[in-house]
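Chemist: Spelled out from the first residue to the last, the chains are:
Protein chains: 8
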Amino acid sequence: MLSMVKSGELDVEEAKARISAQFPTVEDLGFAQLDIEREKRTGFPEVIFGEQKTVEQLVAIFQKLKQHTDRILATRVDPEKAAEAMKSLGDITYHDQARILTWFKKPILKVHEGYVAVVCAGTSDLPVAEEAAIVCEAMGNHVERIYDVGVAGIHRLFAKLSLIRGANAVVVAAGMEGALPSVVGGLVSKPVIAVPTSIGYGANFQGLSALLSMLNACAPGIAVVNIDNGFGAGYYAGLINKNRSVQK
Amino acid sequence: MLSMVKSGELDVEEAKARISAQFPTVEDLGFAQLDIEREKRTGFPEVIFGEQKTVEQLVAIFQKLKQHTDRILATRVDPEKAAEAMKSLGDITYHDQARILTWFKKPILKVHEGYVAVVCAGTSDLPVAEEAAIVCEAMGNHVERIYDVGVAGIHRLFAKLSLIRGANAVVVAAGMEGALPSVVGGLVSKPVIAVPTSIGYGANFQGLSALLSMLNACAPGIAVVNIDNGFGAGYYAGLINKNRSVQK
Amino acid sequence: MLSMVKSGELDVEEAKARISAQFPTVEDLGFAQLDIEREKRTGFPEVIFGEQKTVEQLVAIFQKLKQHTDRILATRVDPEKAAEAMKSLGDITYHDQARILTWFKKPILKVHEGYVAVVCAGTSDLPVAEEAAIVCEAMGNHVERIYDVGVAGIHRLFAKLSLIRGANAVVVAAGMEGALPSVVGGLVSKPVIAVPTSIGYGANFQGLSALLSMLNACAPGIAVVNIDNGFGAGYYAGLINKNRSVQK
Amino acid sequence: MLSMVKSGELDVEEAKARISAQFPTVEDLGFAQLDIEREKRTGFPEVIFGEQKTVEQLVAIFQKLKQHTDRILATRVDPEKAAEAMKSLGDITYHDQARILTWFKKPILKVHEGYVAVVCAGTSDLPVAEEAAIVCEAMGNHVERIYDVGVAGIHRLFAKLSLIRGANAVVVAAGMEGALPSVVGGLVSKPVIAVPTSIGYGANFQGLSALLSMLNACAPGIAVVNIDNGFGAGYYAGLINKNRSVQK
Amino acid sequence: MLSMVKSGELDVEEAKARISAQFPTVEDLGFAQLDIEREKRTGFPEVIFGEQKTVEQLVAIFQKLKQHTDRILATRVDPEKAAEAMKSLGDITYHDQARILTWFKKPILKVHEGYVAVVCAGTSDLPVAEEAAIVCEAMGNHVERIYDVGVAGIHRLFAKLSLIRGANAVVVAAGMEGALPSVVGGLVSKPVIAVPTSIGYGANFQGLSALLSMLNACAPGIAVVNIDNGFGAGYYAGLINKNRSVQK
Amino acid sequence: MLSMVKSGELDVEEAKARISAQFPTVEDLGFAQLDIEREKRTGFPEVIFGEQKTVEQLVAIFQKLKQHTDRILATRVDPEKAAEAMKSLGDITYHDQARILTWFKKPILKVHEGYVAVVCAGTSDLPVAEEAAIVCEAMGNHVERIYDVGVAGIHRLFAKLSLIRGANAVVVAAGMEGALPSVVGGLVSKPVIAVPTSIGYGANFQGLSALLSMLNACAPGIAVVNIDNGFGAGYYAGLINKNRSVQK
Amino acid sequence: MLSMVKSGELDVEEAKARISAQFPTVEDLGFAQLDIEREKRTGFPEVIFGEQKTVEQLVAIFQKLKQHTDRILATRVDPEKAAEAMKSLGDITYHDQARILTWFKKPILKVHEGYVAVVCAGTSDLPVAEEAAIVCEAMGNHVERIYDVGVAGIHRLFAKLSLIRGANAVVVAAGMEGALPSVVGGLVSKPVIAVPTSIGYGANFQGLSALLSMLNACAPGIAVVNIDNGFGAGYYAGLINKNRSVQK
Amino acid sequence: MLSMVKSGELDVEEAKARISAQFPTVEDLGFAQLDIEREKRTGFPEVIFGEQKTVEQLVAIFQKLKQHTDRILATRVDPEKAAEAMKSLGDITYHDQARILTWFKKPILKVHEGYVAVVCAGTSDLPVAEEAAIVCEAMGNHVERIYDVGVAGIHRLFAKLSLIRGANAVVVAAGMEGALPSVVGGLVSKPVIAVPTSIGYGANFQGLSALLSMLNACAPGIAVVNIDNGFGAGYYAGLINKNRSVQK
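Protein chains in written order, with the numbering used here: chain A, 1 to 248; chain B, 1 to 248; chain C, 1 to 248; chain D, 1 to 248; chain E, 1 to 248; chain F, 1 to 248; chain G, 1 to 248; chain H, 1 to 248.
It should be emphasised that the hints constitute simulated quantities derived from the structure, not laboratory data.
Hints should not be assumed to be uniformly reliable.
[As the list claims (entries may be wrong)] If the Cβ cut is set under 10 Å, some of the chain D residues that face chain H in the computed set are:
(1) P107
(2) G114
(3) G122
(4) T123
(5) S124
(6) G140
(7) Y147
(8) D148
(9) V149
(10) H155
(11) I199
(12) G200
(13) Y201
(14) A203
(15) N204
We treat Cβ as the ideally placed atom computed from N, Cα and C, and that holds for glycine.
Full structure from sequences and hints, please.
Modeler: Here is the structure:
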């Protein structure tokens, strides 16, 4: 490339652009270095992990990101912080079950074909499942929710099988013994993203039991994200569905 | 009781018998104290745990127990030890898949009504399932074997459901993610004895994954024994079936 | 079956009934899919796991289940939630030590012969033992409670031995080192359901010590449920006792 | 459906076909129940897990499956077993680094567009990476191999970045600290399947270190399979690439 | 030495001095034995671990140490305790992000050449990084802070690479998967002190994931301190930089 | 014995006494079975584990035990419960650092010769050390306290070595890396009771680090009790010292 | 002391002797620094841990120690090494069950009063129990062996209770669930040294189950040594018995 | 830089050189990508991790590296592989205790001032200590070895204290409880690199005990490397000593 620049084949601006694609600029807030070109590179802006951030930090990041993108997500925001942030920012929305704050410049247009199925085993797994669903929708995917269909009453799952089989990717959230992804994985031919939840007690060890079950699933076509990582599961399923659509 | 003896109300022999029911005599082999009255108390003689015993110890215990009982079981006997023990003892039988040595004075008579179902998830779980089945049969129970019906192809399980539902107790052996007992537990109304096997690799941690799954099973009616403990599972199921029959 | 329907041998309603026995209908509350035919299939209605449910969810489930069954249990309900639920529902009962809410259309009739023994090692294990006992009683079993008979003063256990030996199934709850089930298992010839409790400190690791002890119990005839799972233990023991009785 | 059969609207054969799609028949080998309709349902036949199977079992399964499919894979076959199986079966191929036995009735035709990138961190991760690559190819996908590009010399990764970015799915195998998927995940916008390997020593705990790293990866777009599960990773990536192609 | 004393070659005072260098005197506060000669031996006074100490104990230790040294540090002091201690002591300073209390008789003079780089992966790792930086500065070292440069956006790290490479020792704090030290270790030729933080959730296990990653780092030149041990990391880096300077 | 009773050789009362020595009577409080003959058998009355007991239960047990013994100890009583119990009972004493409630009918008379040394590594280990010391004293032993002599400043230990060496048993409490018992064990020839404390953070895992250190101590003459089990350590040391004295 | 030397009050030799009692000389073999004055200080010479040592190292250490002591023990010596060492050294004895090599200049004289009881739960625990017994005897203690009295048949223990109660210290070795020390601890008033063995399988985790049980024992008067550490247990019990005797 | 190239200020070759300093070329062997410019960047060539490599791979790497460097190290090479490699390569040296293969074009010249102390606790830790020492020497550092000075006989350590204190960096290897680094860390003012070894048994868990001890060391100035990672410890210490020297 250097020779091309030297010879004039390539002009300096173009060369800079090519290099900056590899070394994108960041927006420096002191406490954080925002990856503002992330959306350009990957199709989706940086998502804010809200758990350890203060309200002030959240607000500052939203304000800065608004200058560079038309959609912002912050996950793991508890209701108190969300309420305070909404007072400062006004135009953001709080999804209380999913504990997500979103801001959209314009309504999400469902641009991608097909859909993602978000399945969960029990009522207690709902927050994780909703986190996955909201993230997936924010990426422009259609989501079908199939909740409370755990293996202890497996007929509930069979009743929804066609809907699950029709999806391009399937998120399965389960706590306790985490057996649902194995059963689903044996019944569908699409990628399953298993997300263990920390629901349970005793030898559950805060989700370890479900995590190990899912990693050891004997059905193929299952990959696993961290315990309670609804965001990661939804993002991954959304990526698969989006890439199928984008391809055409 | 002492007063009754004093007054002659109770004779010394009878009193001794009552006490010895609580403090049974043992047969002292030096390296082992055989609980020879166990069969009288519990209906089944002491079972020999063969894993750390030498061939000499096994032979000595068989020879001594033959004087007190008409059936003997030794579990976890590897083929080499078994072959040597058979040379010394002649009239014993080796069940190679279950790794059990048995001796019966007379053929086992199926005395108990009903049956136990022994279910396993995969071909690799067979040794543990067979250990359970052989022990259960030695206790005088009829056993139905339903093998290789793991959750990755759940239709295989449904095809055998009536047979499983008809049992008085169900042993379910599974490795990897150990999800099968949860599914079975949701479909039957009889006690399920879940036995995790050490089959798997990586984050399976030699059966820990299956063990945790089974302890966290969301279906009721499931209890768990140690990893690879086919003997314990078979004995437990046999006890339930036997007690139902004995009761009448 | 299809051929039988075609030929008229089997009428459509009967065929439907046979199929619905395999695929029972559910009552969909949005956040939960109630398995309302469970009692018909297994003899006992679905039990509500109250820990992560809100008061509103609990009340809604009670109200719906009342239309389908004549007894309802919710476990792991803390006193605050219980008090609020009782205000809404009126005719329910709270068992504070066991943390269980119950509703019965009519008094429980003791229908099953024999009894279950519920044994615990120390005063601190009482809540778990009571959870087991209440569940067992709700299933129509008679329960004998034998509390605070841990191995550190083993004479306390011997004083109660006849009562324990007379039971058809024995629940043994213990924390700390969890040695009691091993000792009991060596003294009785009925199935023992061991339930480790999270009582202890330091290297107890919230019940792990007792759990491992019980899984490794050297006496046969012992199966284990999850840490603090009084419900599971009581249900399992109740199942064994009930099935014996039902059989006749 | 029953009514339709009754009325003649649906003939019995068609009804059976519909039902058998849900309950596929199996080929019963005694020790195994082969899921012979799996390919019809999911597009790929059942893969044999060779680790605990005997040579006789492997041969019997190959012979039976040949009647139903035109491609067979057995994973985790050690060289000794492979050599013996090849003597019996003749027309099978052994991939020694991947430890996979394959049989194809006709050459694999690359039917799917795009490609999968299989990346590994070190020379020692090659067997796992090759397992992924061979499985992926057997599914009809093109694979690009990028090996020995671990984070300790991160320039090696950057040199291959375009090739990785062009893939539809990226398998990343790494042992030791397992950091490579996080770095790759931050640089590409396609789904990354992270596969921890058991390479390392000491506090590596047979791959646990890499497994935890990958589950905790801070970059989105990463899902994880079991330690050393090259098969699972390759299958998953292949599924994503295949589904994109199939869709059109 | 004794012979030398006897012969008068060595006088008693000198001998005492030599011995006391090995057995330094302590200041006994009852609840604590202050190592008041530590600074003389090692160049830096004993640092107070504030976590389990009461305000009274903290104040008493500060007051006593002031008599023996001209700089005092107390780490892990929460804001409430700090506020109370400041009321009693007046002339101390609280570094709230680092949770450190300091007292200096006179301003710190930067006496050592060169500098230490303190690098952290995310905004949430700041408290640990600041603890390291403040300790390092209190030892008389210059510190360069490079924050929020985690591997998910690795271009942020490359932008700061020259600054990091110029340091004599590099502290790298990271939570989640803890991959940053491996990457840094492959790019610099100076000792890296890796400090895992407890930031993360689920299979992070309070910093275990990052700890294992760092211990298994495949790049050489990395050593690790305890989870969240910013003090230890800063002290260690400070020691390396100080010793280089002192040497001349 | 029965024959002796029959023949009149042994009278019934004497026989009963001999038997009751084996099966002591208990005082049944409903929620607890007090082992009131324990002091007669072992020289020390049952100690109350206060952690999970209510104030009402504590008071009831104190009141009952007062009828049978002249000294009562309750450990792990938090200040709130202690204050309430003192209101009800009046004549009890609370040792706040040790969190022990005691009642003595008459002052403890130091009856045993020799003494026990209670050593601890840091100021934060004081509560555990004090628990050990108070229990030991209540058993009638003299205790020497040697506190804050951890291995980071090993000269502090050497200064107290004669005092430690003179004891008949040595309790050593330490948190963090728990190295002190190894060093002490190499310097004394009396039994060392090592008690790990839960003091520390990060990879300390609530005392696991110190526990493992102590179990792996390379010096002989060291045995270990549970994490934070000051009571157990003090009781054990007291037993050794008492038995030496009693013997004469 | 220095002043006393200076003034002539204390002569140099005496001062040296006093100091060398604190800093004993060692015999340097290059690969090992033998603590040859250990016997003088503690009453028993250094015991050789044979596990990782070569035959050559063992022989060299025996030859050197013979010059300084009249008894030598090497533990954890496997039969092959023992046979080779005996060829070189001639006058040593191998205890094959305990895997200990001993050399005595003259026969052991039983010098200490009283005895130690060594109890074990099962036949498989014999090697560990024998290691304890041999070490204890080598220290000059009388040992009573009570083997195979595990809790699954608790009457075997009661039959030996008087013998156990008469000991000055009780070693209890047990594998599997490790419940025996708790039961023994509740029945005796002498110090119990619990030694977990690695006997068991599955969730035993190589002795972890028994170790945790023993650390959590609810009976007081129990301390624990490392898994399979028969040497440590025997040494500790021997120390207690010896010190009682020495005292007079 | 691009502008400078365009304007001719910087010529293309110079620009390439600057860039290649950031993206060094590699030597591609197919199975490995050798980082041949590593020595230029960091002062020491890439070290070969020999554990999973075949003899053929080792030989190929040695042959290739000889073209680029004048010193090569391969660690973790077992004696069999070493013997075969020496046959092929001739001029390499095997350090059998350290299990390292080295090749030097010319003798190592001790170029760096000062020295590194390598300390180990027991004879069994020698291989790890030697690995550290050999690596350190290969980097051009002088090493002082101080072996078998563990805390069970702490006087052995004090005898060598001056030698340890004189070093610029101290490697301390220890197994079992791993207490030695804490003690050394409290006595010296130079950076200590603690390396846990896997020596021990039972609750040692293959070095976990020592690892945790070292991470929790209460003395400052200690950093830790992976279990048995003598290479990492030696390299780190060598880096510190080298950098001090280089600086002048």
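Chemist: Quick one, is the G114 of chain D hint okay against chain H at 10 Å, beta carbons?
Modeler: 25 Å, violated
Chemist: Hint validation: I199 of chain D versus chain H, beta carbon distance must be below 10 Å. Holds or violated?
Modeler: With a closest approach of 6 Å, the I199 of chain D hint holds.
Chemist: Checking hints one by one. Is D148 of chain D an interface residue toward chain H, by the C-beta closer than 10 Å rule?
Modeler: With a closest approach of 4 Å, the D148 of chain D hint holds.
Chemist: Using the nearest Cβ pair, does G122 of chain D come within less than 10 Å of chain H?
Modeler: 8 Å, holds
Chemist: Take the shortest C-beta to C-beta distance between Y201 of chain D and chain H; is it under 10 Å?
Modeler: At about 6 Å, which falls below the 10 Å cut-off, the nearest Cβ of chain H leaves the hint on Y201 of chain D intact, so it holds.
Chemist: Can you verify the interface hint for T123 of chain D: is its Cβ closer than 10 Å to any Cβ in chain H?
Modeler: Because about 5 Å separates T123 of chain D from the closest Cβ in chain H, which is inside the 10 Å limit, the hint holds.
Chemist: Regarding the hint that A203 of chain D lies at the interface with chain H, is the smallest CB-CB distance below 10 Å?
Modeler: Given a least distance of 5 Å, the restraint on A203 of chain D holds.
Chemist: Close enough to count: is the Cβ of H155 of chain D nearer than 10 Å to one in chain H?
Modeler: 4 Å, holds
Chemist: So, as I understand it, the hint says P107 of chain D touches chain H; can you test that by seeing if any CB pair is closer than 10 Å?
Modeler: 25 Å, violated
Chemist: Using 10 Å as the Cβ threshold, decide whether S124 of chain D counts as touching chain H.
Modeler: 4 Å, holds
Chemist: Would the stated hint for G200 of chain D survive a check requiring a Cβ distance to chain H of less than 10 Å?
Modeler: Holds: closest Cβ of chain H sits about 8 Å from G200 of chain D, inside 10 Å.
Chemist: Please check whether V149 of chain D passes as an interface residue: C-beta within 10 Å of a C-beta belonging to chain H.
Modeler: For V149 of chain D, the interface hint holds, since the closest Cβ of chain H sits about 7 Å away, which is under 10 Å.
In terms of the numbered hints stated before, the structure departs from hints 1, 2 and 6, listed from lowest to highest.
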